[in-house]
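Asks: Below, each chain spelled out in residue letters.
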Amino acid sequence: QKEVEQNSGPLSVPEGAIASLNCTYSDRVSQSFFWYRQYSGKSPELIMSIYSNGDKEDGRFTAQLNKASQYVSLLIRDSQPSDSATYLCAVVTGGGNKLTFGTGTQLKVEL
Amino acid sequence: DTGVSQDPRHKITKRGQNVTFRCDPISEHNRLYWYRQTLGQGPEFLTYFQNEAQLEKSRLLSDRFSAERPKGSFSTLEIQHTEQGDSAMYLCASSSQRENGIFGPGTRLTVL
Numbered sequence: 089q090k091e092v093e094q095n096s097g098p099l100s101v102p103e104g105a106i107a108s109l110n111c112t113y114s115d116r117v118s119q120s121f122f123w124y125r126q127y128s129g130k131s132p133e134l135i136m137s138i139y140s141n142g143d144k145e146d147g148r149f150t151a152q153l154n155k156a157s158q159y160v161s162l163l164i165r166d167s168q169p170s171d172s173a174t175y176l177c178a179v180v181t182g183g184g185n186k187l188t189f190g191t192g193t194q195l196k197v198e199l
Numbered sequence: 065d066t067g068v069s070q071d072p073r074h075k076i077t078k079r080g081q082n083v084t085f086r087c088d089p090i091s092e093h094n095r096l097y098w099y100r101q102t103l104g105q106g107p108e109f110l111t112y113f114q115n116e117a118q119l120e121k122s123r124l125l126s127d128r129f130s131a132e133r134p135k136g137s138f139s140t141l142e143i144q145h146t147e148q149g150d151s152a153m154y155l156c157a158s159s160s161q162r163e164n165g166i167f168g169p170g171t172r173l174t175v176l
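Here the protein sequences come in this chain order: A and B.
Residue 96 in the working numbering is what sits at position 8 of the first sequence, and the numbering runs on without skipping anything.
Residue 123 in the working numbering is what sits at position 59 of the second sequence, and the numbering runs on without skipping anything.
Chain A extracted, bound-state conformation (with noise of 0.2 angstroms):
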């Protein structure tokens, strides 16, 4: 099993529309939970963090955390196609020491 799970998609969803992108994973004793967002050939973009159960939302974005089921999700409302990307979930893991990843899914938001 990997540590940090995502579908890689794509996922396209019309323009207007809420994007919802999950992840899971693995290490229970896991605190910290991020997304990043990567345009093609650029470096990843910290959109999100959440360290809580519940949802945290920043502008068209929100961030649940459920610690129970290990899972973590990303919704975006209001998708514009510059929301197109790839989206990476990262976990802390191995003691708080570094950022773990999942591949990523790819989002297309179409016109």
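Source of the hints: derived by calculation from the structure; they are not laboratory data.
Beta carbons are placed, not taken as given, at the ideal position from N, Cα and C, and that holds for glycine.
Among the clues, some could well be false.
[What the hints assert, rightly or not] Partial pick of chain A residues on the chain B-facing surface, computed with a CB cut under 7 angstroms: (1) Ala105; (2) Asn110; (3) Tyr127; (4) Ser131; (5) Leu134; (6) Ser137; (7) Leu176; (8) Gly184; (9) Lys186; (10) Leu187; (11) Gly190; (12) Thr191.
[To be verified] Some but not every residue of chain A turned toward chain B, in silico, with C-beta under 7 angstroms: (13) Pro132; (14) Asn185; (15) Phe189; (16) Gly192.
[Said to hold, decoys possible] Calculated lysine-lysine pairs in the DSSO-like style (CA-CA distance at most 27 angstroms, straight line): (17) A:Lys130 - B:Lys75; (18) B:Lys121 - A:Lys130; (19) B:Lys75 - A:Lys155.
Fit chain B to the supplied structure of chain A, relying on the hints for placement.
Replies: Relative to the frame of chain A, chain B by itself:
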């Protein structure tokens, strides 16, 4: 520019040659990470520094790889006797207790 910088941005080398990459973190960040990313994969952890101390190395980091962070400022990653399988994007990230991992633009290595 107060972000993380990496040099060079691109490196093409022949198999067997040695290469060295540099990372300059955000000045107030005491933690520095190196990751490697290949096409279609997420970044893979290579090594971690807190100040000048290298606290963790991945099993992925063979003896051909070495990293340093003298004086706890910039860091270098050297790959000796490069192999075609070393071709990847090498990413540096820095962080502090207040700010999470911020990535630099990466160095894309191509080994011919």
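Asks: If a hint holds in the structure, say so; if it does not, say that too.
Replies: Right, here's what the structure says about each hint:
| no. | hint | result |
| --- | --- | --- |
| 1 | Ala105 | violated, 25 angstroms |
| 2 | Asn110 | violated, 15 angstroms |
| 3 | Tyr127 | violated, 12 angstroms |
| 4 | Ser131 | holds, 4 angstroms |
| 5 | Leu134 | holds, 6 angstroms |
| 6 | Ser137 | holds, 6 angstroms |
| 7 | Leu176 | holds, 5 angstroms |
| 8 | Gly184 | violated, 10 angstroms |
| 9 | Lys186 | holds, 4 angstroms |
| 10 | Leu187 | holds, 6 angstroms |
| 11 | Gly190 | holds, 5 angstroms |
| 12 | Thr191 | holds, 5 angstroms |
| 13 | Pro132 | holds, 5 angstroms |
| 14 | Asn185 | holds, 5 angstroms |
| 15 | Phe189 | holds, 3 angstroms |
| 16 | Gly192 | holds, 5 angstroms |
| 17 | A:Lys130 - B:Lys75 | holds, 16 angstroms |
| 18 | B:Lys121 - A:Lys130 | holds, 25 angstroms |
| 19 | B:Lys75 - A:Lys155 | violated, 42 angstroms |
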